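Student: One line per chain: the protein sequences are A and B, in this order.
Each residue of the first sequence is one higher than the one before, starting from 5 at the first, in this note's numbering.
Each residue of the second sequence is one higher than the one before, starting from 5 at the first, in this note's numbering.
Hints may contain errors.
One copy or two, it doesn't matter: identical chains are merged, so the pair holds either way.
Stated by the list, open to error - Derived DSBU-like pairs: lysine-lysine, alpha-carbon spacing no greater than 30 Å straight-line:
| id | residue 1 | residue 2 |
| --- | --- | --- |
| 1 | K171 | K52 |
| 2 | K193 | K102 |
| 3 | K99 | K53 |
| 4 | K90 | K102 |
| 5 | K78 | K53 |
If you are wondering where the hints come from, they were derived from the structure by calculation, not from laboratory data.
Being a predicted model, the structure only gives us computed values, none of them experimental.
Number of protein chains: 2
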Amino acid sequence: MNYPNGQRKPLTIKPKQTSFSRRGMTLEEEINETTDFYRIQGQAVIHKKPTPVQIVNVHYPRRSAAVITEAYFKQASTTDYNGIYKGKYIDFEAKETKNKTSFPLANIHEHQVHHMQQVIKHGGISFIILRFRAYEETYLFDAKDLFVCWEEQFDGGKKSISYNHVKQLGHPVPFHYQKKVDFLSVVDKLYL
Amino acid sequence: MNYPNGQRKPLTIKPKQTSFSRRGMTLEEEINETTDFYRIQGQAVIHKKPTPVQIVNVHYPRRSAAVITEAYFKQASTTDYNGIYKGKYIDFEAKETKNKTSFPLANIHEHQVHHMQQVIKHGGISFIILRFRAYEETYLFDAKDLFVCWEEQFDGGKKSISYNHVKQLGHPVPFHYQKKVDFLSVVDKLYL
Chain A
5 MNYPNGQRKP LTIKPKQTSF SRRGMTLEEE INETTDFYRI QGQAVIHKKP TPVQIVNVHY
65 PRRSAAVITE AYFKQASTTD YNGIYKGKYI DFEAKETKNK TSFPLANIHE HQVHHMQQVI
125 KHGGISFIIL RFRAYEETYL FDAKDLFVCW EEQFDGGKKS ISYNHVKQLG HPVPFHYQKK
185 VDFLSVVDKL YL
Chain B
5 MNYPNGQRKP LTIKPKQTSF SRRGMTLEEE INETTDFYRI QGQAVIHKKP TPVQIVNVHY
65 PRRSAAVITE AYFKQASTTD YNGIYKGKYI DFEAKETKNK TSFPLANIHE HQVHHMQQVI
125 KHGGISFIIL RFRAYEETYL FDAKDLFVCW EEQFDGGKKS ISYNHVKQLG HPVPFHYQKK
185 VDFLSVVDKL YL
């Protein structure tokens, strides 16, 4: 078919999908799928917390479900994921960046860092899962290493964690078909 | 002043408030206040999960915050509260009833019971906090005792837990001014 301006519609060739293709899933979707799998397998009980929303108006139509007609996004006061694994409390945040050289610390909120500090203090396991989209690389980055970077930014340090730093201190998270972000295999080696 | 129908506005006398007055707080509000206090004191890190909401439409006005204009309540797939206490994963649900003689099991969803079973299996601490409004009595009721009642209802048993049963098997949760639902004092005795 011809387009109005006379040009032909360009032929789009889909990239070949290998069995390891992520099919454009976000990091969050992949982690959710992974934690679902862990749960079904009886390996761990980890859930993503619902998005915090401030509900202002709810409409109750007759004979049908209540509709929230006005609500606002609230800032999360904790990390996104928590649960239990091998008797241990586990708590983490997941973030991806398109940035090729560093992960901007602005992606993490101060109260989240504070929350992770408390978790560690009480004997829990805490980390962030970082994905660099450009390289399709996913790392588990220990909370204590994050705290160092976090503090340094207020002390003349960088406002980001460089890709090289993540590569050096972080731990690559393996990809499996049913466990696309198999972070528990890293947790096993690192904390247990 | 006189009302349109000629009646006087009835004089409302506020009930005297003692220092221990709950001032009409819901169980949830009291637990939230208590967990806040635990957190500030560094005793435990326990949070209520946000209400799960299915967001359908979001409006992004210029120069102001995004407004969710259509959303629906989703059923929670876990309990309301979880966190870490003395290195242990802790997970519970809170429910109050106006019923004087029993707590209806319809207040608990099957997947919540299933979730609590998984938590126990993985070595966590799990229970429900039950309040009988009529008596202003609050009990910690162990998850395993709940599972027994839950299974019995499908085996010709009652669809509720009688008040007497809760009184017998449950553990009264003490009230303190800053810890209105001081469940950790019960957790200490019961699980640690």
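Student: Run every hint past the structure and note whether it holds.
Tutor: Hint-by-hint comparison with the structure:
no., hint, in the structure
1, K171 to K52, "within (26 Å within a copy, 35 Å between copies)"
2, K193 to K102, "within (28 Å within a copy, 50 Å between copies)"
3, K99 to K53, "both (15 Å within a copy, 20 Å between copies)"
4, K90 to K102, "neither (34 Å within a copy, 39 Å between copies)"
5, K78 to K53, "both (13 Å within a copy, 13 Å between copies)"
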